[in-house]
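Number of protein chains: 2
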Amino acid sequence: MRIAIAGAGAVGTSVLELAEEYGHTVVGIADSSSAATGDEQVDVESVLQRKEETGAVGTQPAGELFKTEYDVLVEATPTTLGDAQPAFSHCQRALEEDRHVVLANKGPVAERYTDLRKIETQSNGSIRFEATVGGAIPAIRTIEDYGPEKVLAARGVLNGTANFVLTRMAAEGLSYEKVLSEAQELGVAETDPSFDVEGTDAALKCVIMANVLTGGDPEFTLSDATVEGITDIPGSALDLAAQDNKTIRLIGEATRDHVKVGPRLVPENGPLSVTGTRNIVQIDTEHAGRLNLSGRGAGGPETATAVLADVGRLG
Amino acid sequence: MRIAIAGAGAVGTSVLELAEEYGHTVVGIADSSSAATGDEQVDVESVLQRKEETGAVGTQPAGELFKTEYDVLVEATPTTLGDAQPAFSHCQRALEEDRHVVLANKGPVAERYTDLRKIETQSNGSIRFEATVGGAIPAIRTIEDYGPEKVLAARGVLNGTANFVLTRMAAEGLSYEKVLSEAQELGVAETDPSFDVEGTDAALKCVIMANVLTGGDPEFTLSDATVEGITDIPGSALDLAAQDNKTIRLIGEATRDHVKVGPRLVPENGPLSVTGTRNIVQIDTEHAGRLNLSGRGAGGPETATAVLADVGRLG
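First to last, the sequence lines map onto chains E and X.
So for the first sequence, my numbering puts the first residue at 238; every next one is plus one.
So for the second sequence, my numbering puts the first residue at 238; every next one is plus one.
Calculated from the structure, these hints are not laboratory results.
Keep in mind that this is a model prediction, so the values were computed, not measured.
There could be a bad hint or two in this list.
Some chain X residues near chain E, calculated using beta-carbon distances under 10 Å [to be verified]:
| no. | residue |
| --- | --- |
| 1 | 251 |
| 2 | 257 |
| 3 | 259 |
| 4 | 260 |
| 5 | 262 |
| 6 | 277 |
| 7 | 374 |
| 8 | 387 |
| 9 | 506 |
| 10 | 508 |
| 11 | 522 |
| 12 | 527 |
| 13 | 542 |
| 14 | 545 |
| 15 | 549 |
Which residues of chain E face chain X? A partial, calculated answer using Cβ under 7 Å [claimed, not checked]:
| no. | residue |
| --- | --- |
| 16 | 373 |
| 17 | 379 |
| 18 | 506 |
| 19 | 510 |
| 20 | 529 |
| 21 | 530 |
| 22 | 532 |
| 23 | 537 |
| 24 | 539 |
We treat Cβ as the ideally placed atom computed from N, Cα and C, and that holds for glycine.
Given only the sequences and the hints, what does the whole structure look like? Please build it.
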């Protein structure tokens, strides 16, 4: 397939780098200010070099991306909430031109799921969005293959930053502020970590899974989620939990009825107490009990493999 | 899709019972001595009742199954080794008539993988075999979606009987013979448990995964596997392991170079020490690190969900 990539951050550039290995070509990549395009394939090395040296991927206007002969648009621009723009317009344009869309951007599928699906039904193109939930973990595909109506709930540890902080607090007996600071130094937490530690990121992922479970009817958006983060957990809470062979994890849960994210006591050695930045998606099914799927929930290459698995399913 | 089911054991009858819920019809089901067929759909209740009361699913000769207007054959007859007959012939006939085949039977894909794939390339039908490895766990689909050539290894706990026995030995300090006897009473172990406790079942599953990793070149069969079971593990070995916070599990591993099954020391609280009859498939990937997929590895309904997920991917 010929891929056009909107977004040149960690995920976009990883898709650029790995696409050929997966048998695809990248005919264009754009960031907010520019685009690089190629008739058959962009020059990966010079794109990466230009991005590193100048901050821009290309020398053409960004909009040129949509004029390439692409089969599938990869939407990997930064997640935005509410109207999910400009990502939503990118998806809309591609679908209206009968192209496929693979999202790594959570915005359109978390905040405007039914709008997006409506455009999809009128298009010869399809949307896929494995990369929006759990990175390399095959969460959406497994729910889809199992049959969403036969999945009772999907829950898990869906944010690596928050999980890293809780793991370190428990392991070292350090305060939240200390561990967060350490996480920022390691690049595991952002300078403004609120999206992760307040539970918003995990909530968006659960909203997406809830929409898959319901098929968008009813439709969930972030405002439907009950969300509590990890910013108020004292070290003493973790000590107390440990005395009972438990620990605390930021758990998100999606059912057809609700989306909830919050800190929960979990057995210290159970499947939900993944450590560090690892994620887990736990799927409760009607006929096959519980599936536990854990792995790397974030990262450029990791998320790119989810994007490319989706591209493979379209071909 | 219209399904014809060869085999009326736990898996075949579960597929019969669940197919409608997944949007499919069963136009025929056969056991070794008979077949029941229907123009649109067999009568599920009377088939199940007849099977229970008489031991036979139908009143027609078994071969009538292949004369129905089926889209996909589900091969769920008992696994046989070597020439994998009669399952191989069932698959061959379906493919030669341009129908799809979904296998729950390990024989053809473990013992005659390239033979089967060759017939598939000459057919308009496709083969799928998720149900042959790990029951409800999406092992084959995940390797397939990720890209088999980018999977470095697949390993795990793949036999519920052996795992139940080891779990109970460690938990209760009982001997192998005592726990095996208990497992047989519970129906977790067969009267002749050798297929499970000697590691053959786990080895077949690893052989199948190895064939997926190599694409059948080189081809693996059971005879290529190095196999050791659990029949010689004394309780003292588990006690010793526990002192080191470890336990023993029957671990199977498949790479492009080898298939090995044998008892291994594993961390007591690590992902590979699933308990009871649960299974885990651990996939090491090139770009996304390690995925751990655990769940119910056996059972009629559980395996049927894997069969029906495969049917869904064909439609």
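Closer than 10 Å between Cβ atoms is the bar; does residue 260/X clear it against chain E? Give me holds or violated.
-> Hint on residue 260/X: holds, closest Cβ of chain E at ~9 Å, below 10 Å.
Agreement of hint residue 379/E with chain X interface, Cβ distance less than 7 Å = Constraint on residue 379/E satisfied, holds at 5 Å.
Holds or violated: is the Cβ of residue 259/X closer than 10 Å to a Cβ in chain E?
-> holds, 6 Å
Chain X contact restraint for residue 506/E - C-beta distance below 7 Å | OK, holds: residue 506/E within 7 Å of chain X, min 4 Å.
Closest C-beta approach of residue 537/E to chain X relative to 7 Å, hint status | violated, 9 Å
With a cut-off of 10 Å on the beta carbons, see whether residue 506/X makes it to chain E.
-> This interface hint holds because 4 Å falls under the 10 Å limit.
For the hint on residue 387/X, just tell me whether its beta-carbon gets within less than 10 Å of chain E.
-> holds, 7 Å
Given residue 251/X was flagged as interface, is its beta-carbon under 10 Å from a beta-carbon of chain E?
-> holds, 8 Å
Taking the closest Cβ pair, is residue 373/E under 7 Å from chain X?
-> Check passed: Cβ of residue 373/E comes within 4 Å of chain X, closer than 7 Å.
Closest C-beta approach of residue 508/X to chain E relative to 10 Å, hint status = Holds, because the Cβ-Cβ distance from residue 508/X to chain E comes to roughly 7 Å (cut-off 10 Å).
Minimum beta-carbon distance criterion (10 Å), residue 257/X to chain E | Where the cut-off is 10 Å and the nearest Cβ of chain E is about 12 Å from residue 257/X, the hint is violated.
Measuring from the C-beta of residue 510/E to each C-beta in chain X, is the shortest one below 7 Å?
-> Hint on residue 510/E: violated, closest Cβ of chain X at ~9 Å, above 7 Å.
Of the hints listed earlier, those the structure fails to meet are numbers 2, 5, 6, 19, 23, in rising order.
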